[in-house]
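**Q** Put the two chains together into one complex, using the hints given.
So the sequence lines, in the order shown, correspond to chains A and B. According to this note's numbering, the first sequence is numbered sequentially starting from 1. According to this note's numbering, the second sequence is numbered sequentially starting from 1001.
These are computed hints drawn from the structure, not numbers from a lab. By construction, the Cβ of each residue, glycine as well, lies at the ideal position given by its N, Cα and C atoms. Among the hints, erroneous ones may be present.
[Unchecked claim] Pairwise CB distance ranges (calculated): (1) A:207 to B:1125: 21 to 31 Å; (2) A:72 to B:1088: 51 to 61 Å; (3) A:62 to B:1159: 52 to 62 Å; (4) B:1138 to A:204: 26 to 36 Å; (5) B:1125 to A:213: 33 to 43 Å; (6) A:78 to B:1030: 50 to 60 Å; (7) A:44 to B:1030: 16 to 26 Å; (8) A:43 to B:1090: 22 to 32 Å; (9) B:1149 to A:193: 35 to 45 Å; (10) B:1088 to A:43: 23 to 33 Å; (11) B:1090 to A:49: 35 to 45 Å; (12) B:1134 to A:43: 35 to 45 Å.
[Unchecked claim] Listing some non-contacts, in silico: residues in chain A with all C-beta distances to chain B over 10 Å: (13) 52; (14) 70; (15) 136; (16) 155.
[As the list claims (entries may be wrong)] Partial chain B-side listing against chain A, Cβ under 7 Å, derived: (17) 1072; (18) 1093; (19) 1096; (20) 1097; (21) 1101; (22) 1107; (23) 1110; (24) 1111; (25) 1120; (26) 1121; (27) 1124; (28) 1154.
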Amino acid sequence: MLEFVLDRAPDLAYRSFQHVSLVVQCVLLATVIAVAVALLVTTVPRLKPVANFVSSVGLTVPSLALLGLMLPVVGIGTLPSVAVVTFYAALPILRNAVVGLEGVSGNLLESARGMGMNPLLTFLRVQLPLAWPVILAGLRVSTQMSMGVAAIAAYALGPGLGGWIFTGLAQIGGQNAVNYALTATIAIVVLALLLDLLLRVLGRFTISRGISA
Amino acid sequence: MTTTEPTPTTDAGPESVSGAEIVFDQVTKSYSAQGKPAVDSLSLTIPAGQIVMFVGPSGCGKTTSLKMINRLIDPTSGTITIGGKDVRSQDPDDLRRQVGYVIQGGSLFPHMTVAQNIALVPGLLRWDKKRITDRVEELLDLVGLDPVRYRDRFPRELSGGQQQRVGVARGLAADPPVILMDEPFGAVDPITRQRLQDELMSIQSELKKTIVCVTHDIDEAIKLGDRILILQEHAQIAQYDTPEAILSAPANEFVEDFVGSGSALKSLSLTRVEEVELTEWTTATVGEPVGPVLERARAARQKSVVVLDQRRRPVDWVNIRALTGETVPAPVDEARDLHQIDHRATLNDALDTMLVSAYAGVIVTGRRDQYVGVATFEAVTALITARNEAARQAQEDADEQ
Ligand SMILES: Nc1ncnc2c1ncn2[C@@H]1O[C@H](COP(=O)(O)OP(=O)(O)O)[C@@H](O)[C@H]1O
Ligand SMILES: [Mg+2]
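Bound-form chain B, shown alone (with noise of 0.2 Å):
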């Protein structure tokens, strides 16, 4: 393998990137004298501001890469920089201070609040108590909790999602340039999963951390890197390339195996909704007279209505039958699942969400969770449509030559 120069670590984007480069330079870790390391002089240049995740069988070493870059397990060999400094230069407390770790379940301390949880690296870094309190509002906000109702909660009165949330949360809280993940969505199940996976995309797009995420799900690897490694035993690189370039090209057998067949469906996950034709949908602001909205309604010829909240963020979507009332009301049931996705979610999981809606679509938000538009299942099928359409006519042109 070769090692790319380290490029400065500021201005590797057209946006802001507050993330750091990190190299691995012929890294090995043996955990016993006899037999093979269980990293084999791995080298890698992850970029600054991008997210990476190692993928690959149980056992081939990805934990134990990952955590040589805090330290928590020293190389036996090699070097690892992060922003080009040897991490084996710094206290390993006060490097582990400046990393965000974040772990599977996210491994909340059960007798702290979540506010107890994230202000911890803060406090540790001795930051003041007015900047910690602001800090963790800014942080449940942007994780989607609100801080007034969920900054006391101790973790046992959290869901699973919420919880993982928080675990997000807390590895942000000092503002780290990189982030280590293992396996952060593992314990969750498939819907909360997918839309933690969305959320940390949005975050991910205003934040621009360098994030290094730990997983044996290569769709979530192909849904959230910017590229992803791909790794056999001894943590030997099989390919590490972007998800595109993996689906399109893969390096050998071994990673067309792992990968699996059905490139067309796993394609499904390489599309994201925002590409999706979305419709308007008539949208009421909770509070406002329904006389316009039902009129609105009904030049759209649409028999329901998705409801926002001041900030213009979904939180329910109705017949035009249920408002009788005066104004739009707020939602009976406020924790009632929407199933709304973000913009970046992938096809796949737009068509997952669309089985447990009640209607044939699906609420796409933006930045902030901000009301998009809807996509339909026609607009969906369309697009897979036209994509297998126009990669069969690829291939076609290509048979011809």
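Bound-form chain A, shown alone (with noise of 0.2 Å):
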């Protein structure tokens, strides 16, 4: 097998590259989306039920399947796979979202008012930072989750590491099926771990000193 690795290197390298620049942008524009839809929905209480039924509905709904529909939408390419990982990267965030921003007391939005903050500024400066060790924390999970969609999206002929994943399994019984199911799985798992160490770090320098743990 490593001979197989080595063989392959520059291959996996731009492979892996490719997957996590998917999974990062994928994730940072999930995230995007997710905070907004959640500070919507938490301005506008009569919206909750409909962002809770998409969060834990969405969820339920198998990747496979999706990208399977959205092929002849959107064609074969890079473009499904991106619209998939996106979609379940952003559920555990907006549901993390959402419970944050609910979490910033009344008081203190008040005060925020009372103090002549408008509401972008009440938005970034205090919902924001109060909000942010629980949206973080649904960012990591979603990271994760999305290393394994991104894989799927392979499916759709999207870039990354899945389309190992589907070369082995295509050729089960093959010399070389179970090395290139194996070694993109393994190289999966290590750069997920090494993305969640990453956003570690990242909450150590972005939370607040007065609300961490």
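**A** Here it is, written out as structure tokens:
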């Protein structure tokens, strides 16, 4: 297996990079979308049941099925992968962002208003920093999950390590089948752990000492 | 109700007043179309540079009235002016940056340090960095927190009383002419509350802001208020007058009930410690040689000395037998509570404090927490007896006529 990996080192590195890059970009996009939706939902309470429904039911839809449904609409390649990964990535972040934003006490919001902060300032300087630890926890779950979802997205010929897994599965019984699938899987797990470590470090620097555990 | 002419806001007192007059003119607020409004046609003038206390039963419209001043709530009809200017003619955010707002528990932002909390409004007003830093120091000093020690702490690292002090400092940050407070000292224990009240009075004597303070505690209103507004349901004015007038001549049965009986006891809340004949206690400054201190104490026939820091603030009260070293030591336990009270505290506070003090007296402080003297139990009771005697005499004279 070592030989197998060494032979394909440049390809492995390239695919790893693509995989991580896809996940990072999708998670970033998902964070922006999820926080925006959470803000909307927490300010207009009537929308909350909708958000809860989407974030709990959404996670039960098999990703392969969703991908299949999307292929006729957006075709194959990078776009469906981005769409699917972003969709799943957004769900845990949405749920946590709603919890985090709801946890900001009404007293503090009223204080902010009483001090002359407009809604944008209040969001940036009070709500977001206070909800951030919870949002970040969602972000970590989301990143882990997205590493897996991104592998499945390779079914639609998306970029990344998933391609090797499907190659392996297609050649079951063949000479390098196990090597392909195993190498890609291990690489995904290792990269996921690295990303998680990175997010933890990010937390260290971005969560105020006044509210960190 | 009649509304008095707005007076100019700059020359309303002998000392410099930085507050502004607030006038309510037939202000009404209905939360719903049906039913009586929460605030029904309230007209009221709050003089510049005074503390006006809003009191009344829960739900009578105190908070609603207060929040209409900084437009957290907009009235259904009527106008409110600050310093002659209609609040509705101003952008709400601009207005709020110029009106201090302090609510229960301080409501500090937990993710910001003490300094960041205080610096918020000056920051919104785009003061330059240096000015903000200086201002934060000044304010922490003013509310009795050492800037070096507390500046960079987070709210959760402070006691309830300290948080509330920072809340007051934050409300004062941009030097607003008007400060609104909604049950500011509701969430702390009685001794701390009394201390915070003393500090507020001492700050006010320096700054002369217009302070509107909501409370449900009539004793707090009597102690702090230059004037007290007693409200009934729908913010109907039951009486609006000085504490003395309200105690001696309640306008109606509602006020009488609300103020409560036992006005002889209530008058304990009207008499300030500064009226007590204070005892000159032997004092020593930290670092001073012990010899002369002991001599002074013996000459005064006192067994203990009050230790002051370099700025004449009391830091310790020690038995002379404990002074064994060369020089007077700094207190071992910095955080130890001396139970000193401000000279503007009431006799009520003084008696309360004596109950927890180790000596039969209490240290009285003046401006900026500087030592003034010691109020002994004898001196306080002597004053009460004299007052009651005088009151009885006056009553007898009145009865004879
Ligand atoms: N946001 C609101 N919506 C509807 N009714 C309110 C609202 N705020 C206060 N009220 C009602 O208005 C009345 C006055 O309330 P408030 O000003 O908070 O009284 P207080 O501060 O004296 O306890 C109460 O009857 C209260 O139920
Ligand atoms: Mg209230």
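**Q** All the hints need checking, so say for each whether the structure fits it.
**A** Here is what the structure says about each hint:
1. Between residue 207 of chain A and residue 1125 of chain B the beta carbon distance is about 28 Å. The supplied range of 21 to 31 Å therefore holds.
2. The supplied range of 51 to 61 Å is met by residue 72 of chain A and residue 1088 of chain B, whose beta-carbon atoms lie about 57 Å from each other.
3. At roughly 54 Å, the beta carbons of residue 62 of chain A and residue 1159 of chain B sit within the given window of 52 to 62 Å.
4. Here the CB-CB span from residue 1138 of chain B to residue 204 of chain A is close to 34 Å, well matched to the stated 26 to 36 Å.
5. At roughly 34 Å, the beta carbons of residue 1125 of chain B and residue 213 of chain A sit within the given window of 33 to 43 Å.
6. Hint check: residue 78 of chain A to residue 1030 of chain B, Cβ distance near 58 Å, so the stated range 50 to 60 Å holds.
7. About 24 Å separates the C-beta atoms of residue 44 of chain A and residue 1030 of chain B, a value consistent with the hinted range of 16 to 26 Å.
8. Remark: the range hint 22 to 32 Å for residue 43 of chain A to residue 1090 of chain B is upheld by a beta-carbon distance near 25 Å.
9. Between residue 1149 of chain B and residue 193 of chain A the beta carbons are some 42 Å apart, a value that agrees with the proposed interval 35 to 45 Å.
10. Range check, residue 1088 of chain B to residue 43 of chain A: Cβ separation about 25 Å, and the 23 to 33 Å hint holds.
11. Separation of residue 1090 of chain B from residue 49 of chain A is about 39 Å and conforms to the stated range, judged on CB atoms against 35 to 45 Å.
12. Checking the proposed 35 to 45 Å range against residue 1134 of chain B and residue 43 of chain A shows it holds: the Cβ atoms sit about 38 Å from each other.
13. The beta carbon of residue 52 of chain A sits about 27 Å from the closest Cβ of chain B, which is more than 10 Å, so the claim that it is off the interface holds.
14. For residue 70 of chain A, the condition that its CB be more than 10 Å from all CB atoms of chain B holds, with the nearest at approximately 40 Å.
15. Here residue 136 of chain A stays apart from chain B, with its beta-carbon at least about 13 Å from theirs, past the 10 Å limit.
16. Non-interface call for residue 155 of chain A relative to chain B: holds, since the shortest CB-CB distance, roughly 43 Å, exceeds 10 Å.
17. A hinted interface residue such as residue 1072 of chain B counts as satisfied when its beta carbon comes closer than 7 Å to some beta carbon of chain A; here the least separation is about 6 Å, so the hint holds.
18. Taken as an interface hint, residue 1093 of chain B checks out: its beta carbon lies about 4 Å from the nearest beta carbon of chain A, inside 7 Å.
19. Given hint, residue 1096 of chain B at the interface with chain A, holds; its Cβ is 4 Å from that chain's nearest Cβ, closer than 7 Å.
20. At about 4 Å, the closest approach between the beta carbon of residue 1097 of chain B and any beta carbon in chain A falls short of 7 Å, and the interface hint on this residue holds.
21. At about 4 Å, the closest approach between the beta carbon of residue 1101 of chain B and any beta carbon in chain A falls short of 7 Å, and the interface hint on this residue holds.
22. Hint status for residue 1107 of chain B relative to chain A: holds, with the closest Cβ pair at about 4 Å, below 7 Å.
23. Look at residue 1110 of chain B: its Cβ gets to within about 5 Å of chain A, closer than 7 Å, so that hint holds up.
24. Interface hint at residue 1111 of chain B: satisfied, since its Cβ lies 4 Å from the closest Cβ of chain A, which is below the 7 Å cut-off.
25. Annotation: interface hint on residue 1120 of chain B holds; nearest CB of chain A at approximately 6 Å, less than 7 Å.
26. Interface hint status for residue 1121 of chain B: upheld, as the beta-carbon distance to the closest one in chain A is roughly 5 Å, under 7 Å.
27. For residue 1124 of chain B, the shortest C-beta to C-beta distance to chain A is roughly 6 Å, which falls under 7 Å, so the interface hint holds.
28. Interface hint status for residue 1154 of chain B: upheld, as the beta-carbon distance to the closest one in chain A is roughly 3 Å, under 7 Å.
The structure is consistent with each of the numbered hints, conforming to all of them.
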